Amino acid sequence: MTEIEALAATSPDPASTNWVPMWNLNGGVNVVYDGDWASGRTYQPGEIVVLGGVTYMCVRQTTNRPTSWATAVTMPTYGTTLPASPVDGQEHVLVDSVAAPTYQLRFRYNAQNTGTNKWEFIGGSGPHIESGAGWPMTGDSQWHQFGPTITVPRPGLWRFTGMIWGTTGANAGNVAVGVCVAGAAPTFNGGQTSVPASAWFSLTHFERALTLAGGNTVAMGYYATAAAMNISVDSFTLTPVAIS
Amino acid sequence: MADPVWVDGVTPQNAVNMNKLQTRDEKGQPSGYSSLDGTGKVPLAQLPPVGADLVYDGDYPATSPYTDGDIVVYNGIAYLCVVPTSAAPVPWPGGPVPVPPYPTPAYGTSLPASPTDGQQAILVDSITAPTWSWLFRYNAGSTNANKWEFLGGPPIESGPQGSCTCTTASTWVDASGGPAITVPRSGVYKLYAEFSASLSVTGITDIYGRVVFSTSGNFQMDNQDWSSQYQTHHVAQQMGQAALVAGETSKMQAMVGQSNSCNFRYFCTRIIPVRVS
Chain S
21 MTEIEALAAT SPDPASTNWV PMWNLNGGVN VVYDGDWASG RTYQPGEIVV LGGVTYMCVR
81 QTTNRPTSWA TAVTMPTYGT TLPASPVDGQ EHVLVDSVAA PTYQLRFRYN AQNTGTNKWE
141 FIGGSGPHIE SGAGWPMTGD SQWHQFGPTI TVPRPGLWRF TGMIWGTTGA NAGNVAVGVC
201 VAGAAPTFNG GQTSVPASAW FSLTHFERAL TLAGGNTVAM GYYATAAAMN ISVDSFTLTP
261 VAIS
Chain C
135 MADPVWVDGV TPQNAVNMNK LQTRDEKGQP SGYSSLDGTG KVPLAQLPPV GADLVYDGDY
195 PATSPYTDGD IVVYNGIAYL CVVPTSAAPV PWPGGPVPVP PYPTPAYGTS LPASPTDGQQ
255 AILVDSITAP TWSWLFRYNA GSTNANKWEF LGGPPIESGP QGSCTCTTAS TWVDASGGPA
315 ITVPRSGVYK LYAEFSASLS VTGITDIYGR VVFSTSGNFQ MDNQDWSSQY QTHHVAQQMG
375 QAALVAGETS KMQAMVGQSN SCNFRYFCTR IIPVRVS
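Taken in sequence, the protein lines are chains S and C. Residue 87 in my numbering is what sits at position 67 of the first sequence, and the numbering runs on without skipping anything. Residue 371 in my numbering is what sits at position 237 of the second sequence, and the numbering runs on without skipping anything.
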């Protein structure tokens, strides 16, 4: 069976027309519309059925179920979800909102990728958080999550890039930062610095690749060894490598 | 033998003549004869498949010339032939506007050898298990030798890994087990580097780190002045752009400005293209 497009058209002069578009087959051939495709029935050439929302025309006697043709690669799609049945080479721009997106991530679907993350990132700007709310640190030499979170849009391999800027009080101490996933303590030390008393400090551009589950919350965590230390500014971005 | 002309009282009723007749039992049976319905027409069930002689031929011009009933696909529209022809189908006014095929970027471990202006291509390190994927657009109008301009993708990263101890002033030391990147294409890249370091003694010490490429040479990070024993610092820098050569490899090194012992670890190098050739 062949897929047919049902479209309206004006009618050119038959005397000079060799080809008739498939959406206008009235007369000339025994075309019969049968409605929904039915199992067990023998279809003859010219019979038209609908299956799965697609109109098919039979071109050879058969009892077989119509199967859809491979979808041609079209312009990249755009939306808040990835296409459900992508084809190799298909591209999609994933956003958090069509009306007011805060990030745009362009992916290409690689059917030959043997991993689970077949949507490979090829450009865009990822979810970003930046806050100057300020967070007093507890100097107990333990990890503490702080600041705003980002919810991971899709599972896959992501890159975390972040920075903090802060101050110390009367005591010198060490400060480390990491990434808290789903509220858990960081599994790695993203950066560490030793700071004298009453001083400014920063940890800039610490970056790591993380395998994240869709829906995970991601935030920054700190580890401080002295009291009266503060984080003044917190900023981080998630950028995908490949997702599913 | 010709069919007999029956003559009453003359034509013999023998096998030769009688076997030429078809019995009613053969009506509607295989190798028999068809029946007629109440309107004097042959029932549809006793006819071979009817309807148009529709033959799907795939993309035009799969076969040519075409005859009535041939179906082809041309510029995304399916057409049915109604007059024998070799001519290409022509869209009708009011019909669907053929969607031009999306110029899907080439995808592979090398860039197209003879690109055209505006062509896009995705360069990966592996088709089946890529660790990075870079989208480029070829700008034929660029006066730069590197006409493949980067549009997006993640960096190549190696690390954090490796360590070394520096004790002698102004002597670069390789990071043992440190990061190593092989440059995939000649061009201009943004270069990032990181390390952590801890002084083992008290005393003002200048701390240095750099990325060394086997052909393009050294790219030094901004140096730091530290003074306290056992203090640990993490240094991460975007080091600007570097012109790199395809196939060359990188390593990282560390150095102290004074002969104070300092332990370095967590070396990391990243490159992301700006434009390549």
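You may find that some hints are simply not true.
Stated by the list, open to error - Cβ-to-Cβ under 7 angstroms is the rule here; a few derived chain S residues that face chain C:
no. : residue
1   : Pro65
2   : Gln132
3   : Asn137
4   : Glu140
5   : Phe141
6   : Gly143
7   : Ser145
8   : Thr207
9   : Gly211
10  : Thr224
To be verified - To list a few chain C residues with every Cβ distance to chain S over 12 angstroms, as calculated:
no. : residue
11  : Asn148
12  : Gln156
13  : Asp171
14  : Tyr241
15  : Thr277
16  : Ala279
17  : Pro289
18  : Thr301
Said to hold, decoys possible - Which chain S residues face chain C? A few, computed with CB under 8 angstroms, are given here:
no. : residue
19  : Val79
20  : Thr94
21  : Val113
22  : Asn133
23  : Gly135
24  : Thr136
25  : Lys138
26  : Gly144
27  : Trp220
28  : His225
29  : Leu230
30  : Ala233
None of these hints come from the bench; they were simulated from the model. If you're wondering where the values come from, they're calculated on a predicted model, not measured in any experiment. Heads up, the beta-carbon is just placed ideally off N, CA and C, and yes, glycines get one too.
Inset, instruction - Give me the numbers of the hints this structure contradicts, sorted from smallest to largest. - result: 3, 7, 8, 14, 17, 21, 24, 25, 27, 29, 30
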